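**Student:** So you can see what is in the structure, the chains are spelled out below.
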Amino acid sequence: MKNIKKILGIFSLLALVFALVACGPQEDSGQATGDEGKKEDNNKEYDLLVWEDVEKSEGIADAVAKFEEENDVKVKVVEKAYAQQIEDLRLDGPGGTGPDVFTMPGDQIGTAVVEGLLKELNVGEDVTSIYTEAAMNSQTVDGKVYGLPKAVETTMLFYNKDIVSEDELPTTLDGWYDLSKELTDGENFGLLALFDQIYYANSVLSGYGGYIFGQDENGNYIPTDLGLNNEGAIEGANQIQKFYAEKLFPSGIIGEQGIQVLDSLFSEGKAAAVISGPWNLGPYEEAGIDYGVVKLPELANGENMSAFVGVKSYNVSAYSKNAELAEKLVVFLANEENSKTRYELTKEVPAVAALADDPAVTESEAAQAVAEQSQFSELMPNIPEMNSVWDPADAALQTIATGKAEPKEALDQAVETIKGSIEAANSSK
Amino acid sequence: MQHRTRALILSIIPGFGQFYNKQWVKGLVYLVLTASFFIVFKDLLNMGLWGIVTLGTEVPRDNSIFLLAEGILAVIVTVMGLFIYYLNLKDAYKNGRLRDEGKLPNTLRDQYRNLVEQGYPYVVAGPSLFILIFAVVFPILFSIALAFTNYDLYHSPPAKLIDWVGLDTFANIFTVDIWRSTFFDVLAWTVVWTLCASTLQVSLGIFLAVVVNQKDLRFKKFIRTVLVLPWAVPGFVTILVFAGLFNDSFGAINNDILAFFGIDPVPWLTDANWSRLALIMMQGWLGFPFVFLVTTGVLQSIPEELYEAATIDGASIFAKFKNITFPMILIAMAPIIITQFTFNFNNFNIIYLFNGGGPAMPGTTAGGTDILVSWIYKLTMQSSQYSLAAALTILLSIFVIAIALWQFRKTNSFKEE
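As they're listed, the protein sequences go chains A and B.
Sequential numbering of the first sequence, starting at 186, is according to the working numbering.
Sequential numbering of the second sequence, starting at 996, is according to the working numbering.
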């Protein structure tokens, strides 16, 4: 019996060797082209697949129809949750069911480029120059353009007209601080904001001179230069802590569930004002609140509160089989005329510079607030290192808000953690 | 040369050994099986085995992740093929030996009867085993394999290839500062959480079952139904509702319940220790109905004579519980109790939905209530550290499996009769 095992062992080894010898990549390339041919056959019913944000496809319906006619092609538009698209592309792209054109948040462009999910666009100055500079920067990595901006959004101040009238609206954060003190009684509140999250708190921190990543003269982010714990940032954090320490911000809006609590407080008319984004224009209206929208207030040092500009864009998937046509469609969808149509239908503020003065935009209070706030705003860094910032920065701000840590030590700690995390992520680079 | 050796050597090409033994049908089956194996799986084996060794050589042609998946499939198929090959060799050898001993090999009818009678369990279990391999074994192998690669943001297809890096990722866990310090913090809380939450839900369930099972109690059915209700509501809904109830400034627990007793508001969501307490209580609430139901079933099956005998001997209620009820429950329930522990060890839902692992703690990358799984989830989602997550998952599985095995061996429930 011992013998047989030995013989068996040798045989199985031989079998394995035979199997391995036959292996190789040569056949692979042949196979791949075969697959491609097959796929094109399957996809005959359309030439381009577009993933559009949910409930936003009516904004491009006309443009798509026109594009189809002009180029004699068939374009299929599918609605898909905006933040989900890049996630799905990771699997659907290589699987052959991915889109040619899709839409994504501008701050993830850097990550997507590192992963190789985006196709570079060969567009000239004539195309890129119609957009605001900040919006276009979000689509640019190392001088190469990877998409065209579709819409911009910034945070702004929503105020309840029943509680604060338009005339006596404070224009400074200190003014709001005083008003909040007056209004806060445990049930009702003055100004509320999610300053335990860097997305919102950066408005204050950067007004005092804090920053997340420093930039070189070409506007490229320097991942080693962190400004979250400089003097300005600490001063800003002190201002933030004041609101929590005085109980003007209840501890119930701190943490994961904070955003729901904040939204419901404003929707129930218990908060005089909140800092939020355009995504809440509809919901607050449905809640029956008579609200107004203005740009964020000024800080005590006379600076405007900044805001992160979120850019939504049209991009071409690296897996697109029809990249040239896809690029053409992106340029067409994002041009001035179609941007305007899209704005009228979807109310998403376009990034085309000329449209900022267009009556269609200036008429709307919300669009006006976004456009105004954009002037004092900065881009969300689009480099992959930003992924390491969110959690530690939020954690630090949360400990500041709950009073568990002093601003300086918390921010020092956060910067330490971010550095460690960037280093760890890059160790294998 | 003996028949067995000759048959063995001939069946290097499957089927020929059987032909030599004059088992034509069986030989043909083996031969056709082998041929079709190679025809059907030629491409998969070719690409897969090449892929799993190299993980691709060229971008954008090769996508390392797909090659890895294909490679694992190829390995599984190869192992299955080798197993059939082994059966073929063994069969040829066995029948050759029968001939050496002067007996006749089994006839076709005998073989069929053998297969149906002795192999019946295998025939029935076969399909599910087959599915099990692809639905369970394959994903496990895949994530184990990932732990030995450098798959992260900067090495992700289609832009880059992935490489095998051996044990580097495991070494990183224990050398990179921000992970090492956090790992043991999180592990400590995970263990405490598992022990407290599971013990609470198990003892609460058993206690209530015993109480409700008292003979004199009326409305038993009604009480049982009410007690099972927490289980009937989907867990994630319950957790989200609780998250609202526990809210520091607006939750009903602080504002109504505690206020009614004149107790100051408790920082449930912003203080780590209070959050932990809240989580353990919630898990007790969510987890006890199942234990309650099973215990109720066990209680019905305890023979009444035992209690009668005990009563005659003058045992108190507590003595009866301690010496009859409790040991009987434990024997029947041990496996279930163990699964409660392993479940809580990996209870991602409650941690993530309640407070996202928060509140934030100064100086760590994990929140105050993060257990290992939720921490791993954060790591992967936030900085795309896929290989690190896979490596941590392996460590975590080893931990859970070791404890489960140890427990299984200590209880009598799993001893084979």
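Hints are supplied without guarantee of correctness; some may be wrong.
Stated by the list, open to error - If you only want the chain A side, here are some residues facing chain B, beta carbon under 8 Å, derived: (1) G281; (2) G328; (3) E351; (4) A430; (5) D576; (6) S606.
Said to hold, decoys possible - Quick list of in silico lysine to any residue cross-link-like pairs, SDA-like style, CA-CA up to 20 Å: (7) K604(A) x K1373(B); (8) K513(A) x Y231(A); (9) K589(A) x T1334(B); (10) K455(A) x L1240(B); (11) K589(A) x N1268(B); (12) K1373(B) x K455(A); (13) K432(A) x V1261(B); (14) K1373(B) x K432(A); (15) K1373(B) x Y231(A); (16) K1155(B) x Y231(A).
Unchecked claim - Computed Cβ-Cβ distance ranges for the label pairs, DEER-style: (17) V239(A) x A1130(B): 50 to 56 Å; (18) V239(A) x G1121(B): 41 to 47 Å; (19) A1227(B) x W575(A): 53 to 59 Å; (20) K506(A) x L1390(B): 47 to 53 Å; (21) W1280(B) x K427(A): 36 to 42 Å; (22) K251(A) x L1390(B): 39 to 45 Å.
Read the hints as simulated data drawn from the structure, not as lab findings.
Since the model is a prediction, treat every value here as computed from it, not as a measurement.
A virtual CB, placed ideally from N, CA and C, is assigned to each residue, including glycine.
**Student:** Given a cut of 8 Å on the nearest C-beta pair, is the interface hint for A430(A) held or broken against chain B?
**Tutor:** Interface hint status for A430(A): violated (13 Å vs cutoff 8 Å).
**Student:** Verify the proposed pairing of K1373(B) with Y231(A), using a straight-line Cα cut of 20 Å.
**Tutor:** violated, 39 Å
**Student:** Are the Cα atoms of K589(A) and N1268(B) separated by 20 Å or less?
**Tutor:** holds, 13 Å
**Student:** For the pair supplied as a hint, K432(A) and V1261(B), confirm whether the alpha-carbon distance does not exceed 20 Å.
**Tutor:** Distance of about 15 Å is within 20 Å: holds.
**Student:** Hint says 36 to 42 Å; check whether the CB-CB distance for W1280(B) and K427(A) agrees.
**Tutor:** holds, 38 Å
**Student:** Taking 20 Å as the top limit, are the C-alpha atoms of K1373(B) and K455(A) close enough?
**Tutor:** violated, 34 Å
**Student:** Is the hinted pair K604(A) and K1373(B) satisfied, with a Cα-Cα distance of at most 20 Å?
**Tutor:** holds, 17 Å
**Student:** Against chain B, is D576(A) within 8 Å by beta-carbon distance?
**Tutor:** Given a least distance of 6 Å, the restraint on D576(A) holds.
**Student:** Is K513(A) close enough to Y231(A), meaning Cα to Cα at most 20 Å?
**Tutor:** holds, 16 Å
**Student:** If I claimed the Cβ atoms of V239(A) and G1121(B) lie 41 to 47 Å apart, would that claim hold in this structure?
**Tutor:** Since the Cβ atoms of V239(A) and G1121(B) sit about 45 Å apart, the hinted range of 41 to 47 Å holds.
**Student:** Straight-line Cα separation of K1155(B) and Y231(A) no greater than 20 Å?
**Tutor:** The given pair, whose Cα atoms are some 30 Å apart, is violated under the 20 Å limit.
**Student:** Using the Cβ atoms, figure out if A1227(B) sits within 53 to 59 Å of W575(A).
**Tutor:** Since A1227(B) and W575(A) have Cβ atoms about 37 Å apart, the given range 53 to 59 Å is violated.
Hints 1, 2, 3, 4, 9, 12, 14, 15, 16, 17, 19, 20 and 22, counting from the list given before, are not met by this structure.
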